[in-house]
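A.B. asks: Quick note, the sequences are listed as chains A and B, same order.
Just so you know, we're using this note's numbering here: the first sequence kicks off at 185 and counts up by one.
Just so you know, we're using this note's numbering here: the second sequence kicks off at 1392 and counts up by one.
One or more of the hints may lead you astray.
Unchecked claim - With a cut-off of at most 30 Å between alpha-carbon atoms, the simulated DSS-like pairs for lysine-lysine come out as follows:
id, chain 1, residue 1, chain 2, residue 2
1, A, 226, A, 243
2, A, 226, B, 1406
3, A, 226, B, 1404
4, A, 242, A, 253
5, B, 1413, A, 226
Claimed, not checked - Computed Cβ-Cβ distance ranges for the label pairs, DEER-style:
id, chain 1, residue 1, chain 2, residue 2, range
6, B, 1393, A, 198, 33 to 41 Å
7, B, 1473, A, 230, 27 to 35 Å
8, A, 241, B, 1452, 20 to 28 Å
9, A, 267, B, 1445, 25 to 33 Å
10, A, 189, B, 1504, 28 to 36 Å
11, B, 1504, A, 201, 35 to 43 Å
12, B, 1404, A, 202, 29 to 37 Å
13, A, 243, B, 1393, 17 to 25 Å
Just so you know, these hints were derived from the structure itself, not from any lab.
Because the structure is a prediction, the values reported are computed rather than measured.
Backbone N, C-alpha and C define an ideal beta-carbon position, used for all residues, glycine too.
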Amino acid sequence: ILNVEQSPQSLHVQEGDSTIFTCSFPSSNFYALHWYRWETAKSPEALFVMTLNGDEKKKGRISATLNTKEGYSYLYIKGSQPEDSATYLCASHTGTASKLTFGTGTRLQVTL
Amino acid sequence: AAGVIQSPRHLIKEKRETATLKCYPIPRHDTVYWYQQGPGQDPQFLISFYEKMQSDKGSIPDRFSAQQFSDYHSELNMSSLELGDSALYFCASSLGSAGGYNEQFFGPGTRLTVL
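Chain A with its partners taken away, still in its complex shape (with noise of 0.2 Å):
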């Protein structure tokens, strides 16, 4: 893979469901890999940097795994809810580059 990628592009659940985003990035001069949230009209805010494989991070209902060595990061929401409701966007760190490659990101909505 050469490009970051995720999946799915969108995702509709209801109030309560459980979800799961993938991101897949280029696992060769791999650094680490960013997770944001952005909601509309506002700036992304950071959820996770991870940079070992294997590594398990989580922050409420909200973790993530990551797989350096097949170059995959999932991202899971637990019991989603109204305000879970945005696009969350991965970006790797490859090399020593400051830079960050981000994906298209996946667009969460849950309804009531």
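Take the given structure of chain A and dock chain B to it, following the hints.
C.D. replies: For chain B alone, kept in the frame of chain A given last:
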């Protein structure tokens, strides 16, 4: 807590005009990044600065230039604007050296519209 400040928030320009976007990083952050997000597209990295020196360069057109000043704020100068330059321009800041994976904090963005 103080966040990244960008100004202006909205800017409308005509083709071939120039525009200057400003970014004020979180206090004590020494690294600034610029990203461009076109309509329906993912953010694309333009350029970054660490300690007032360019640290990384992405898909920034030659018509654009940027710099980081002694107070660590940064300006993105865009000349000979084209319709395709219409986009949301994000600035992010972080604390740490170039090459690190330091967490980047994003500003609210400047929406540039070129008519």
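A.B. asks: All the hints need checking, so say for each whether the structure fits it.
C.D. replies: Outcome of the hint check:
This hinted pair checks out: residue 226 (chain A) and residue 243 (chain A) have alpha carbons roughly 20 Å apart, not beyond 30 Å. For the hint linking residue 226 (chain A) to residue 1406 (chain B), the alpha-carbon distance of about 28 Å falls within 30 Å, and the restraint holds. Taken as a hint, the residue 226 (chain A) and residue 1404 (chain B) pair is honoured in the structure, with Cα atoms around 23 Å apart against an allowance of 30 Å. A hinted pair counts as satisfied when its Cα atoms are at most 30 Å apart, and residue 242 (chain A) with residue 253 (chain A) qualifies at roughly 21 Å.
Between the alpha carbons of residue 1413 (chain B) and residue 226 (chain A) the distance comes to roughly 17 Å, so the proposed pair stays at or under 30 Å and holds. Under the hint 33 to 41 Å, the C-beta atoms of residue 1393 (chain B) and residue 198 (chain A), about 38 Å apart, fit the expected range. Remark: the range hint 27 to 35 Å for residue 1473 (chain B) to residue 230 (chain A) is upheld by a beta-carbon distance near 32 Å. Our hint of 20 to 28 Å for residue 241 (chain A) and residue 1452 (chain B) is violated, since their Cβ atoms are close to 37 Å apart.
Taken as a hint, the range 25 to 33 Å is violated for the pair residue 267 (chain A) and residue 1445 (chain B), whose Cβ atoms sit roughly 39 Å apart. A hinted range of 28 to 36 Å holds for the C-beta pair residue 189 (chain A) and residue 1504 (chain B), which are about 30 Å apart. Remark: the range hint 35 to 43 Å for residue 1504 (chain B) to residue 201 (chain A) is upheld by a beta-carbon distance near 38 Å. For residue 1404 (chain B) and residue 202 (chain A), the hinted distance range of 29 to 37 Å is not satisfied, since their beta carbons lie about 45 Å from each other.
Judged by the Cβ atoms, the range 17 to 25 Å given for residue 243 (chain A) and residue 1393 (chain B) holds: they are separated by roughly 22 Å.
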